[in-house]
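Asker: Chains as they are written, first to last, in my numbering: chain A, 1 to 360; chain B, 1 to 257.
Derived from the structure by calculation, the hints contain no laboratory data.
In this text, a Cβ means the ideal position worked out from N, Cα and C, and glycines have one as well.
Mixed in with the good hints there might be a few duds.
[What the hints assert, rightly or not] Examples of chain A residues toward chain B, derived with CB under 7 Å:
| id | residue |
| --- | --- |
| 1 | Val242 |
| 2 | Gln244 |
| 3 | Thr251 |
| 4 | Gly254 |
| 5 | Leu255 |
| 6 | Pro299 |
Residue strings, one per chain:
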Amino acid sequence: MPSTPGVPHQALDPPQVALSSLPPWLWALVAVMASALLNAAIGPVAIPPGIVVRILLSRLPHAWIEPSWPATFTTILYQIRLPHTALMALCGMALGGSGAAYQGLFRNPLADPYIIGVASGAGFGAVAAMAAGWPETALGLAAIPLAAFVGALITVLFVYNLARVGRAISVTTLILAGVAAGSFLSALTSLILLITTHELRRAILWLLGGFQVGGWEPSLVMLPYLTIGLALLALLGRPINVLQYGDEQATQLGLNVERIKTAVIVAASLVAATAVSFSGIIAFVGLVVPHLVRLMWGPDYRRLIPLATLGGGTVLLMADIVARVALAPRDLPVGIVTSLIGAPFFLWLLHRARERKFDG
Amino acid sequence: MTTLRLIEVALGYEGRSVLRQVSLEVRGGEVLALVGPNGVGKSTLINAACGLLPVLAGQVLVDGDDLSRMSPPERARLVAVVPQGTSLPPAFTAFDVVLSGRTPYLGWLDRVGKADEQASLMAMARTGTFDLARRRVGELSGGERQRVLIARALAQSAPVLLLDEPTAHLDLRHQDNVLSMVRALAVERGMAVMMSLHDLNLVARFADRVVLLSDGGVRSIGLPQHVLTPDELASVYGVKMLVLAHPVHHWPVVLPG
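With the rest of the complex left out, here is chain A (with noise of 0.2 Å):
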């Protein structure tokens, strides 16, 4: 770097905020895999993690692994336990990367997809969808995730203008908001599984967050949804650390706020959505997971948005494990791990919110 006149050389790096000389995203990524491994491993008939890892390189090509394993385990592994562990870390990562980006927005460390009542915007989309029969039509599994981003869509605009007194978006209101259109949403929601039948048990399963669909094919319909949402979040990160400034000051300083603002919003909300669709209302991780992150690594909302997103799949892949460890051999819904777990964090940030400011 070329020196400048009157500027310290030395000094020219900008400054970082990170607690550990190793780059967080590697922590993050690290973190992902190990857990991914612990949730194929751990189950019914316990496949030790190193036997997964063997099983896995010996499907690459030129891998000279003699397979010294029941061949059960392979069956296992490939038709029942990876499809699972794919589809926990995909809806965790939807839940992180959508609560940072949804605290983003509104400026409030306790916005997440699930208090501004996005997901139950998002979850009667899909009921709605899957009583309509929508699912056995040519679109297949396809459709309710778009149904579920219909939801979602609308109710997002709805509680975000709902919230809006004048110029300025209230705390308050906002949370008041989400609570009233989550609570209404809810309500029609089950209203539609008591008018029809056909599909009222794996329904109830599914808002429950547990996964009834087996096999690879959520995962694969997810996929596509999820990197695209995903990955326009991940660059919208300088922008919406503009937007911390509040709209009057972004304005100012030469952003187009209302624009930034609709694509996070559908970015948002067709990432949290898609989770919806296929692991029901899990609460909390997308409030959770950005504020752990926010408390290792600052709240740059560059690296905040894909931290958060690898950290949401490590946090929903361990809570998965506790809910098929705990009551084994019954499995808990995942929903139920993570609100017993996040509810009382949530009032921990609450109760530290009124000693000192958020961070952020």
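Once you have looked at the hints, place chain B on chain A.
Answerer: Only chain B this time, still in chain A's reference frame:
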């Protein structure tokens, strides 16, 4: 050099008229101060001069180009603002804040480049905030914050600089420090500077010209010694004032009495 020109501007909010028939001009290298009683519309005028608040009538021109026909990034490349009582995200570092001044030069999917970091660091060096770069803005003192915000405006490298009450809540030394810096920047970079100020003695010392606002319009424009007269001040503020000449520097000194 750049000129900011307001031509017969009318401003207001939702049917309530705040200012009418405001015409003024700020030339490059000049510091223009807006004074007047509380609620007369100083902040409103600043918000209009940066294009944030649409004018109800008239035009705001930078070198003849109408701000109302420009996009936010186009406007921000011409006009930088140091707002009043600014809320800043407390966990952002001072460097993060200054870097946000580069927003008008970055498309919404662009990443911050070396040139942007360089421009931000140069702005921090010029405003004496270099050592604050890694500090969180929530931990800065009022004077430090204000200098960081001026650094952000410099990183924006716009030829017009607007400041809304830049010395509010600052002690004497920091008032002096901030306004001296603003003056020096106007001269050395040829920036057209318009700021609102409450303290008439600071106006007399640091402004080239003064705009006195009263009753929804401009009452007078001119040199400080021509505008800040006992008669004018008494009729605008409703308080009897004494205006003396500074014994050493000869600028007007305003005293109650």
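Asker: When the hints from earlier in the document are held up against this structure, which numbers fail?
Answerer: Every hint satisfied by this model.
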